[in-house]
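With chain G's structure known, arrange chain V on it following the hints.
These are the residues of each chain, in order.
Protein chains: 2
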Amino acid sequence: MYLRSFLFLIAFFISTNAFAQTAADSVFIRKIFDEALTNGQSYKNLDYLSNKIGGRLSGSLEAEKAVQWSRQLMESYGFDKVYLQEVMVPHWVRGAKEKASIQTGKTKVEVPICALGGSVSTGKTALTANIIEVKTLDELKALGRSKVQGKIIFFNRPMDPRHVQTFIAYGEAGDQRRQGPSEAAKLGAVGVIVRSLNLFQDDFPHTGSLRYDESVPKIPAAAISTNGADKLSQMLKTDQNLKFSFEMHCQTLPDVKSYNVIGELRGSEKPNEIIAVGGHLDSWDLADGAHDDGTGCTQSIEVLRLFKSMNYRPKRTIRAVMFMNEENGVRGGRKYAELAKTNNESHVAAIESDAGGFTPRGFGIEGQPDKIKALQNWKPLLAPYGLHDIGPGHAGTDIGPLGEADKNATLIGFLPDSQRYFQYHHASNDTFDKVNKRELELGGASMAALVYLLDKYGLDGGK
Amino acid sequence: MYLRSFLFLIAFFISTNAFAQTAADSVFIRKIFDEALTNGQSYKNLDYLSNKIGGRLSGSLEAEKAVQWSRQLMESYGFDKVYLQEVMVPHWVRGAKEKASIQTGKTKVEVPICALGGSVSTGKTALTANIIEVKTLDELKALGRSKVQGKIIFFNRPMDPRHVQTFIAYGEAGDQRRQGPSEAAKLGAVGVIVRSLNLFQDDFPHTGSLRYDESVPKIPAAAISTNGADKLSQMLKTDQNLKFSFEMHCQTLPDVKSYNVIGELRGSEKPNEIIAVGGHLDSWDLADGAHDDGTGCTQSIEVLRLFKSMNYRPKRTIRAVMFMNEENGVRGGRKYAELAKTNNESHVAAIESDAGGFTPRGFGIEGQPDKIKALQNWKPLLAPYGLHDIGPGHAGTDIGPLGEADKNATLIGFLPDSQRYFQYHHASNDTFDKVNKRELELGGASMAALVYLLDKYGLDGGK
Chain G
1 MYLRSFLFLI AFFISTNAFA QTAADSVFIR KIFDEALTNG QSYKNLDYLS NKIGGRLSGS
61 LEAEKAVQWS RQLMESYGFD KVYLQEVMVP HWVRGAKEKA SIQTGKTKVE VPICALGGSV
121 STGKTALTAN IIEVKTLDEL KALGRSKVQG KIIFFNRPMD PRHVQTFIAY GEAGDQRRQG
181 PSEAAKLGAV GVIVRSLNLF QDDFPHTGSL RYDESVPKIP AAAISTNGAD KLSQMLKTDQ
241 NLKFSFEMHC QTLPDVKSYN VIGELRGSEK PNEIIAVGGH LDSWDLADGA HDDGTGCTQS
301 IEVLRLFKSM NYRPKRTIRA VMFMNEENGV RGGRKYAELA KTNNESHVAA IESDAGGFTP
361 RGFGIEGQPD KIKALQNWKP LLAPYGLHDI GPGHAGTDIG PLGEADKNAT LIGFLPDSQR
421 YFQYHHASND TFDKVNKREL ELGGASMAAL VYLLDKYGLD GGK
Chain V
1 MYLRSFLFLI AFFISTNAFA QTAADSVFIR KIFDEALTNG QSYKNLDYLS NKIGGRLSGS
61 LEAEKAVQWS RQLMESYGFD KVYLQEVMVP HWVRGAKEKA SIQTGKTKVE VPICALGGSV
121 STGKTALTAN IIEVKTLDEL KALGRSKVQG KIIFFNRPMD PRHVQTFIAY GEAGDQRRQG
181 PSEAAKLGAV GVIVRSLNLF QDDFPHTGSL RYDESVPKIP AAAISTNGAD KLSQMLKTDQ
241 NLKFSFEMHC QTLPDVKSYN VIGELRGSEK PNEIIAVGGH LDSWDLADGA HDDGTGCTQS
301 IEVLRLFKSM NYRPKRTIRA VMFMNEENGV RGGRKYAELA KTNNESHVAA IESDAGGFTP
361 RGFGIEGQPD KIKALQNWKP LLAPYGLHDI GPGHAGTDIG PLGEADKNAT LIGFLPDSQR
421 YFQYHHASND TFDKVNKREL ELGGASMAAL VYLLDKYGLD GGK
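Note that the protein sequences, when read in sequence, are chains G and V. Here the UniProt record's numbering is used: the first residue of the first sequence is 1, the next is one more, and so on. Here the UniProt record's numbering is used: the first residue of the second sequence is 1, the next is one more, and so on.
For reference, chain G alone in the conformation it holds in the complex (with noise of 0.2 Å):
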């Protein structure tokens, strides 16, 4: 016997455990991607959720049809245990269809335009002013009082198409939208318009929340399409004088009763390790919220379904959540968050699916690093699905603050493919017809498979 093969069956010794180990997780992760791409549930519970109930805005009546149908499911499913937080939510109402135009001369150009969410109405008619185009909330500041004053606020940034993860271009952009109304109404603006958070030109205008100062006078905001955003600046460029009129007859009404609905699967070894994969169950009002975020919870739910199909018991608790008021106030993850400190919680980890039902490309985490190391050491055992991206990111709006209240917590945020994503996001585009069977899928099956490893290994080492 050479030395070569003498050292090479030393390690093959030291290392046949940790071998047999991985080619049964192996073995089962192939098996959930098995069960997943020939008998998955997502796709159809989805299109249940997208053309039977639709839009689910929180407070509305199809976020409560939305409650009741997946606490249903998940009971139809025989989960040991589903259940509701009950949780108060803001309940703001678009009223009817917004309208815009651009006059310069005799020439009026209508655009299409939505309140932001949050926003208050422009009164029962029209409001027509002067706009004014700025890139930055910077620039905005630079212009001063005696310029904005009386005026319209129209904040034109594109998102950048050079950021190939489009989760970065939308971050960037995201001021102009939320800070934006406060920050013109601080020098005087009456109104602002604000380019819709789309990296596509198109006619469909992008909702989204504004967050108000409550020491400033709350202005009416909305969202022009991208192509109207051009049309604007384009004829700003020949008019600076032209009139932008617009009106919108949303309001807030009183907080409604809603609830975070959840699936458990108790753990058999240390029911009190609690792993959680959820996704928001309200949507904005404009379309069906299949991407947004309807994919999220149907593959959340679908994580349980596999592993019930597949007679796995896990050893820690498995929960699927269906957070509520994601898009306009997080009372949901807040309220998760609050009962897991007052019940004494302990999470391993939380995963959150809020990015569309696109092709997986991997996982974002935020946590210490040698958990990071940890689930980063999954790689072989993910490769082969294309989970490659395993690194630090951003994990979920819905989590983070489950993350304040148990510092142990690690958070996860499921990374689909992003390049489609900013087509529909918050439009009357996001319908179920854009969502692929396969692409949704893979994703529940991804989820399914990192449950399973936290399951079996926690991240404290194999513990």
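Quick caveat, the hints were computed from the structure, so don't treat them as lab data. Idealized CB from N, CA, C, for every residue including glycine. One thing to keep in mind: the hints can contain errors.
To be verified - Derived contacts from chain V toward chain G, CB cut-off under 8 Å, selection only:
1. 162
2. 164
3. 199
4. 200
5. 359
6. 386
7. 417
8. 420
9. 431
10. 434
11. 438
12. 439
As the list claims (entries may be wrong) - Straight-line alpha carbon distances no greater than 30 Å define the calculated DSSO-like cross-link-like pairs of lysine-lysine that follow:
13. G/434 - V/434
14. V/52 - G/434
15. G/44 - V/434
16. G/379 - V/231
17. V/106 - G/434
18. V/31 - G/135
19. G/65 - G/31
20. V/379 - G/373
21. V/373 - G/379
22. G/434 - V/141
23. V/147 - V/106
24. V/237 - G/44
Leaving out everything else, chain V in the frame of chain G:
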């Protein structure tokens, strides 16, 4: 100075050159993607090819228009040389739209079919006969002549949905379409119906080439939609004696003169070393052929346009090749290889994009192990763009003959995400609206990044 620091410094000086090289490459590749994501023209060009020219089966007027269009487009970009390679191609025509129905008792159910490419017609009227369902060629052979004689054979083995890489499923199921008709004819069958090679349940029949064995009679063969196949299979369970009837008026006309279309940027240092990047200009006749393979053509032209726009002067000669007749003959691919041999050309590599315009995932390579290794060494430069899957794999049908003619040429297939491809492939829904601009442009940039590295370093250890 501690030993470790010293060793580190040594290592640093040794590798500084490599680091500097890598940093410059990283910057250049970033610029390629920036240009593609801000000013990419693949999408605009594909719009023209798909919507102004349309389906372009070999020998058709549209194929001729596509030749002229792609030549003019490359000339308009100012490539160093644009030229045609004459090649005779088959001229098969579908004729009047196909019809098919299932008859059981007094019930007649129409089902969607389309002739397989190259099929003979059913004659002037419909062909009606009993039909036998089989799943495999072996199952057919086991039936024997006594059972098959005078019947239509129905191949109904679905693509296996469990393969994450869907081309594997296509490869496994393809024998039914390619060999099925002649294998059935050998046993006296009068016609063949093949389940569409489609991973989704819908009403689109998917065409594609069959291979007639010249030693047996040519019998008419069609694809049936996946829903239609399920319907037929279900009805056969209750009535084995039902009649299947289909009518097709396709025919093969004399060969037609056509062309490969080639554009070049001439190498500044090693003009005789060629790096080719290509797709096929012909498509099936049922749709635009946007994904198959308008994508590959416009992306290949884009690779050269990107270099021109960045004032990058390649060391080696870079070629964009629009191959003619991939779908039903590979005559263009064979002509290209033949002329490469005649002209003593030396190809470093040939890259083919013929898997759709979806988000890039990597490259599949046919070549010597050391060259595959050399390509894998570039992973750190390519991974930031989602290009993780770099390893052995099928490269492309058009460049296959070149691999035979020039044994030193490394063949590379561009690998986009494969989940959606077989919903559109060879069917009437392979249209421009199924293409996402960002996904398409990322493909052109991915190929340009690889061509840049191949041009700069070659595959023989950095020469």
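Comparing the hints with the structure gives:
no.	hint	result
1	162	holds, 5 Å
2	164	holds, 6 Å
3	199	holds, 7 Å
4	200	holds, 7 Å
5	359	holds, 5 Å
6	386	holds, 7 Å
7	417	holds, 5 Å
8	420	holds, 5 Å
9	431	violated, 14 Å
10	434	violated, 11 Å
11	438	holds, 4 Å
12	439	holds, 5 Å
13	G/434 - V/434	holds, 10 Å
14	V/52 - G/434	holds, 25 Å
15	G/44 - V/434	holds, 22 Å
16	G/379 - V/231	violated, 42 Å
17	V/106 - G/434	violated, 40 Å
18	V/31 - G/135	holds, 24 Å
19	G/65 - G/31	violated, 33 Å
20	V/379 - G/373	holds, 21 Å
21	V/373 - G/379	holds, 21 Å
22	G/434 - V/141	violated, 43 Å
23	V/147 - V/106	holds, 25 Å
24	V/237 - G/44	holds, 27 Å
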